[in-house]
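A.B. asks: From first to last, the protein sequence lines stand for chains U and F. Under the working numbering, think of the first position of the first sequence as 1, with each following residue one higher. Under the working numbering, think of the first position of the second sequence as 299, with each following residue one higher.
Possibly wrong hints are sitting among the right ones.
Claimed, not checked - Distance condition first, Cα-Cα at most 20 Å in a straight line; then the derived EDC-like pairs of lysine to aspartate or glutamate:
no., chain 1, residue 1, chain 2, residue 2
1, F, K464, U, D185
2, F, K411, U, D185
3, U, K84, U, D95
4, F, K466, U, D175
5, U, K177, F, E319
6, U, K177, F, D315
7, F, K332, U, D95
8, F, K466, U, D185
9, U, K100, F, E416
To be verified - Where chain U lies over chain F, by a calculated footprint (3+ residues, C-beta under 8 Å):
no., segment
10, 322 to 328
11, 450 to 463
These are calculated hints, taken from the structure and not from any lab test. C-beta atoms are modelled at their ideal positions from N, C-alpha and C, and glycine is treated no differently.
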Amino acid sequence: MAEALAVLGKRVLLVDSDPQCNLTSYLIAPDVVDDMLDASESDAGATLWSALKPVADGEGDIRFVKPKTIGSLYLLPGDILLSKFEQDLHQSWGDCFHRKIRGYRGTTALSTLVNHIAAEKNIDFIFYDSGPNIGPLNRVILLDCDAFIVPAACDSFSIRAFKTLGQTLSDWITDWKTAVTLAPDNVYLLPGKPTLIGYIPQRFRVYADNVSADYSKYLPRIDRHISSDIGAVLKEIDTALAPLPFQSRLGLVKDFGRLAAAAQSEGVPIWEVGTPQERSTSKIIFRNIAEKIIERTK
Amino acid sequence: MAEFTSKERRLIRQIVDHYRENRGILGTFLQSLKRQVLSSKILKPHIHSLSWRMKDPNHLKDKLERKLRDYKKQKKKFVITPQNLFVKINDLAGLRILHLYTHQVDAISRGLKELFAEESYRLIQGPTARTWDDESRTFFKSINIKTKRSPSLYTSVHYVIKPNRKTKYTCEIQVRTLMEEVWGEVDHRINYPHKTGSLACREQIAALARATSSCTRLVDSIFRSHADAEAALNRKRKARRKRVGGR
Numbered sequence: 001m002a003e004a005l006a007v008l009g010k011r012v013l014l015v016d017s018d019p020q021c022n023l024t025s026y027l028i029a030p031d032v033v034d035d036m037l038d039a040s041e042s043d044a045g046a047t048l049w050s051a052l053k054p055v056a057d058g059e060g061d062i063r064f065v066k067p068k069t070i071g072s073l074y075l076l077p078g079d080i081l082l083s084k085f086e087q088d089l090h091q092s093w094g095d096c097f098h099r100k101i102r103g104y105r106g107t108t109a110l111s112t113l114v115n116h117i118a119a120e121k122n123i124d125f126i127f128y129d130s131g132p133n134i135g136p137l138n139r140v141i142l143l144d145c146d147a148f149i150v151p152a153a154c155d156s157f158s159i160r161a162f163k164t165l166g167q168t169l170s171d172w173i174t175d176w177k178t179a180v181t182l183a184p185d186n187v188y189l190l191p192g193k194p195t196l197i198g199y200i201p202q203r204f205r206v207y208a209d210n211v212s213a214d215y216s217k218y219l220p221r222i223d224r225h226i227s228s229d230i231g232a233v234l235k236e237i238d239t240a241l242a243p244l245p246f247q248s249r250l251g252l253v254k255d256f257g258r259l260a261a262a263a264q265s266e267g268v269p270i271w272e273v274g275t276p277q278e279r280s281t282s283k284i285i286f287r288n289i290a291e292k293i294i295e296r297t298k
Numbered sequence: 299m300a301e302f303t304s305k306e307r308r309l310i311r312q313i314v315d316h317y318r319e320n321r322g323i324l325g326t327f328l329q330s331l332k333r334q335v336l337s338s339k340i341l342k343p344h345i346h347s348l349s350w351r352m353k354d355p356n357h358l359k360d361k362l363e364r365k366l367r368d369y370k371k372q373k374k375k376f377v378i379t380p381q382n383l384f385v386k387i388n389d390l391a392g393l394r395i396l397h398l399y400t401h402q403v404d405a406i407s408r409g410l411k412e413l414f415a416e417e418s419y420r421l422i423q424g425p426t427a428r429t430w431d432d433e434s435r436t437f438f439k440s441i442n443i444k445t446k447r448s449p450s451l452y453t454s455v456h457y458v459i460k461p462n463r464k465t466k467y468t469c470e471i472q473v474r475t476l477m478e479e480v481w482g483e484v485d486h487r488i489n490y491p492h493k494t495g496s497l498a499c500r501e502q503i504a505a506l507a508r509a510t511s512s513c514t515r516l517v518d519s520i521f522r523s524h525a526d527a528e529a530a531l532n533r534k535r536k537a538r539r540k541r542v543g544g545r
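Next up, chain F with everything else stripped away, as it sits in the complex (with noise of 0.2 Å):
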């Protein structure tokens, strides 16, 4: 018997075309806010670079599909429609930050919040960050970022925005260090839009998120260190200019 019924096929048929029709709309939107991202002062010194890209539509055909087989197999009703579709699903358009070590995400969330006050955006979910590690957690709530457990190992911060009240249209933000994107791209090419069925690549996964934790972990100290010692240097100058001073 064929997995999906002729009404099913046709549903997810006519959301991925309401989708092809209305994305130019989100692409704007997309352009529209990197502009504005790029020309923050206060994100500048902390942006390593941004990526960003509108969903394909044939990945969208395969996550609805992917969706309505975990609704059937739970027995409950497929909601998404045409008519939500962009409300529904909140990662049609995604913008990402890529920066250096962890305490830059504090940084990055008050100047992102700027942004969306000076900008008019509405913030509409987030932020939250999505971390397997207890060390982050920790982290993430003394900057007052909600945390959410995160079994597949993803992590990364979260905020989706719309540009008003009225529309359904959002964007979703990522903010992640470049040590956690190199475990995000490597997991995205293995597992997506299909989840790999080796064992062996799964584990070096696993592991993998482990090591590139800890490169996240060392740039932090390194940083750590680096500022520690230059206020220790400044310490010294001002002590000096002092005593010079005082002569």
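In isolation and in its complexed conformation, chain U is listed as follows (with noise of 0.2 Å):
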């Protein structure tokens, strides 16, 4: 999706948010991961943790570490050790709501750092990858986003966690919104107003050029649920947060099987792989979403 962006004319930071750092080994070599990921800690550190651990240890503001360069896109690698950044978001989280300025200093660190990194490279999207969870880290990073996307697996699973996300979104916004009154003045704050601009059914298998049937009876469903459970519930604090009709699907991702593992162990974007039909396809695919990502951000 980045590449697909960047292949647009558009600049964009990738943001390896998850402890698993799934997205740094798919763009860095495995013995540069490796190396990175040992030092970490030290002054040459350079992952996301190498950024925020000053905070997290409440020794001091954030290292503005550089972002490595990966072809036409930009990467803030993942760290193992973010995990112990997130444990501390719990407590920074809690401490707002008592108009403590370590609470804020925590809860928008990595907003901080982003946003600096952001301004300095003149970036046009920021995409975060995140573990599927609901837990503090992900809390901070919707809450700075300006957009979110919602990728739906066609299945029963996927759609009944709908219901979870809308109503912890709709929670979050809330609770930000009391710690953003009753902060101290000049406090830096997360903006806490993260727009829905669409969803992307995902993982289903194809026949003959069309979604196949076990998949596609899910559809429907997705298109519904989305509304009502995401949609409906963020309309309710603020019409702004859902902004888009009912019909706010912005491509279908299928299930590229083979072309998937391929492009992870070659690092490249998926129409870089397999045939040129599935590459002429799958860039298709691709550029069309980025065309509306653009399209709704603007």
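Both chains come to you apart, so use the hints to assemble them.
C.D. replies: This is the structure in structure tokens:
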């Protein structure tokens, strides 16, 4: 997705905020990743944890690390130790409701770092790779985002999760509004207004160029539940948080099977692997989505 | 004819609903302030106890109706709306600091000012002492606290603070002695939200104000006598130490 936006001339920063570091491992050679993780607590550290450690340890301000340049993209590498920062975020979040400066500092540290790099590199789009959970790290990420897209697997578990996501987001936005209202003057704050700009059904099989019957039955349900379980809940807080009408699908991303594995092992976009026909198909899929993202974030 | 028009009743309902929807923010504000006051090292030795409350929505409704009645009587426009509720009414969240004797107000006032500076609160009103007693008035003036006449016999020092420049939410802090609290609680139970119709009760509450004021005066005197005795004892000890050291 990031590469598709870069192809359209956008400057993109990728932030690997998942302690599992999948995105970092996708884009950087394994031995380099290992070295980087080993050195992350040293002065030469260049991961997200290297930047955030002084804040987590209460020893000072963020260390502004430089992002890695990967082709036309920028990457802030992930770190297994980021889970330590996530544990501290629980306390930081609570401290905000007691108007403690250290609470706001911890809660907004990642945002401060990413915004600094975005300004320095003149970035148009920032993508976070985050774990599939509703933990404190994803909370500060989502409250910092201008927009979010829901990836929706074509199965009933995914549909069931929409309700949890909608309610959790609503609680986070409402709670953060309280923290913002009570914050002392001159404290840096997260915007707290993540706008739903669409969803992408994925992980389905295709038969004769169409979504196969086993999966297509989920599409109308996904449409309906995105609207009722996320869109409507956000609209109750602020209509601007879900500005789109019911049909807000950004595109369809099928299960690429062996192509996904090949792209990951080669560290390239998915349209750079497979047969010429496969490459052309996947390029169109991602370009169309990228164009819609640009359109919806104008 | 009904006292209020349907438009007026709707407005009051909207204001109270708005308060119900947003009182959680005020509650968080109040809890945070309470924690900070309790952990202040300057305030701690002077505080007997704290009490706090959020205004009951039904009592807000009564207050709005009272105000509307007064405005209508004076042929003035009723200016409170859901949008300006938290600006126009400052006692929706309140913290009360109870202490034993009057002179503690000076230390409490300094402690609160320090806390406001440390925690970045903005003092938007006060401190103002509401008092009916001339002697108290002189004391408050001596420590640079403005005074306001209180024909209702209510006695307390008031502050109104807000958490930052932008927000409309405020919290009222009241500082009073335990004896003033006794009078205040009795008056509140009898005269709130509706004033008692009993002349005897009104007379007795007025007498109670004099009695509690005298009690506060007596407690002031006891602590002053105690402080004087302690100071005299310390002077004696110091002189004795000097004599022993000089031998």
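A.B. asks: Looking back at the hints listed earlier, which ones does the structure fail to meet?
C.D. replies: Of the numbered hints given earlier, the structure breaks none, since each of them holds.
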